[in-house]
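Engineer: Residues per chain, in single letters:
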Amino acid sequence: MSGRLKPRPVPGSEARVLSLGAYRPGRVVANAEVLERIDSSDEWIRSRSGIETRRFAGPEETVSLMAAEAAAQAVARAELTPADIDVIVVATATHLLQTPSAAAEVAQRIGAPSAAAFDIGAACAGFCHGLALAADMIRVGTARHVVVVGSEKLSDFLNRDDRATAFIFGDGAGAAVVGPSDHPGIGPVVWGSDTTGIELIRQDHAWDAAFAMPGGPRWPFLEMDGNPVFRWAAFAMAKAAAQAVDAAGVRVEDLDAFVPHQANMRITDAMARALKLPDTVAVARDIAQQGNTSAASVPLALDRLLCDNEVASGGLALLIGFGAGLVYAAQVVEIP
Amino acid sequence: MASTEEIRSGLAEIVNEIAGIPVEDIQLEKSFTDDLDVDSLSMVEVVVAAEERFGVQIPDDDVKGLKTVGDAVAYIERSVA
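Note that the protein sequences, when read in sequence, are chains A and B.
Note that the working numbering gives residue 165 to position 165 of the first sequence, counting from 1, and the numbers run on in steps of one.
Note that the working numbering gives residue 74 to position 74 of the second sequence, counting from 1, and the numbers run on in steps of one.
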């Protein structure tokens with residue numbers, strides 16, 4: 001005889017972001033340092049990307065250390081303890097251990113005794129994917145408090161001699177605690193993929209090929225076809241962001257902040273124009289100081305808006321992550 | 001069907017809106033990069049706006065060949081024909 005699984009006894013609740021945490025590595029790298037290796041100019045970099053500085057992590061600032069620092073800050077700001085955390089999800093593409101996961105290291109570092117811990121890979125859209133998972137876990141009742149972290153050390157994969165990408169990427173980590181709420185605080189996710197662009201953003205060599213390189217092993221690099229990525233991000237992604245606003249049952253006029261993945265200031269500007277955002281919406285421009293930090297950029301940028309008092313707690317922020325795959329995820333959230 | 005002049009003036013409105021260049025400067029012989037200072041990312045925006053306005057498809061590989069305003073107008077004329 002086969003048994004029957006018992007029905008779920010515990011209904012979940014609505015979910016919201018309770019708090020954010022940020023880790024910005026200590027070393028600030030100006031365009032001048034990047035320009036030592038590429039034929040370009042400060043003016044060109046600023047006009048094409050909006051980037052003035054980025055931060056590079058030092059040897060001890062690993063993906064898991066940065067993730068743990070951001071997570072611990074978010075847990076403290078939520079007035080919780082690590083023991084209250086049921087699940088830790090780390091979105092990253094740059095954790096250098098195949099196993100154990102960065103999330104397991106975060107659980108160990110912050111002292112969460114028994115939290116479920118796992119990583120997800122959705123490139124620059126990873127944090128927004130994680131947020132969607134966390135919200136659903138809380139709605140269904142499989143977790144009460146979930147830490148979602150985006151953490152990246154892109155400087156490890158940077159081709160410092162490539163004038164198309166050397167200035168773009170930076171390092172850092174951003175985290176959110178997602179928990180129960182008496183009202184909806186995280187709107188429905190609009191997500192998907194367009195694999196016709198699977199080659200547009202890529203690691204140039206898989207690890208086995210990188211080890212077997214003629215002339216000896218070398219680190220793999222991130223590569224990107226700028227103009228097609230720009231077209232997809234600026235226009236197709238503006239449509240996905242608009243769908244997330246519709247799905248949440250609000251209008252762009254109701255938004256207080258627009259926090260797109262900080263890929264390039266020109267993409268942010270084009271998306272904001274396509275969305276017809278009114279002037280009352282604060283647009284995240286953390287990329288100017290932070291560079292493109294992939295999965296970390298959305299929580300870092302929202303944290304910056306809050307710390308700079310450009311947005312207030314309780315307002316609505318439209319988030320969208322988009323990146324290699326091509327994959328994307330967008331949702332409207334209540335600002336913690 | 002739109003005339004060459006109608007396409008040129010429609011394109012000029014788009015370039016003006018995206019890159020802030022005076023409409024009267026946007027003439028057929030002008031180079032997007034050398035004369036009008038439209039960089040590659042703005043060019044992508046111009047192309048997408050032109051696709052919507054004129055109901056044509058301009059793949060990325062073809063964008064590289066559009067050096068002058070006249071090249072773009074001729075491309076759009078051929079596509080809508």
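Hints are not guaranteed to be accurate.
As the list claims (entries may be wrong) - Restricting the straight-line Cα-Cα distance to at most 20 Å, the calculated cross-link-like pairs of lysine to any residue (SDA-like) are:
hint	chain 1	residue 1	chain 2	residue 2
1	A	276	B	13
2	B	67	B	56
3	B	30	B	81
4	A	276	B	20
5	B	30	A	276
6	A	239	B	53
7	A	239	B	67
8	B	64	A	38
9	A	276	B	67
10	B	64	A	48
11	A	239	B	49
12	B	67	B	19
13	B	30	B	16
14	A	276	B	61
15	B	64	A	239
16	B	64	B	49
17	A	276	A	235
18	A	276	B	49
19	A	239	B	16
20	B	64	B	22
Everything labelled a hint here was simulated from the structure, so no lab data went into it.
Engineer: It remains to establish, for every hint, whether it holds in the given structure.
Structural biologist: Checked hints:
| no. | hint | in the structure |
| --- | --- | --- |
| 1 | A/276 x B/13 | 18 Å, holds |
| 2 | B/67 x B/56 | 18 Å, holds |
| 3 | B/30 x B/81 | 24 Å, violated |
| 4 | A/276 x B/20 | 18 Å, holds |
| 5 | B/30 x A/276 | 30 Å, violated |
| 6 | A/239 x B/53 | 17 Å, holds |
| 7 | A/239 x B/67 | 29 Å, violated |
| 8 | B/64 x A/38 | 23 Å, violated |
| 9 | A/276 x B/67 | 30 Å, violated |
| 10 | B/64 x A/48 | 18 Å, holds |
| 11 | A/239 x B/49 | 14 Å, holds |
| 12 | B/67 x B/19 | 16 Å, holds |
| 13 | B/30 x B/16 | 14 Å, holds |
| 14 | A/276 x B/61 | 29 Å, violated |
| 15 | B/64 x A/239 | 26 Å, violated |
| 16 | B/64 x B/49 | 16 Å, holds |
| 17 | A/276 x A/235 | 12 Å, holds |
| 18 | A/276 x B/49 | 15 Å, holds |
| 19 | A/239 x B/16 | 23 Å, violated |
| 20 | B/64 x B/22 | 23 Å, violated |
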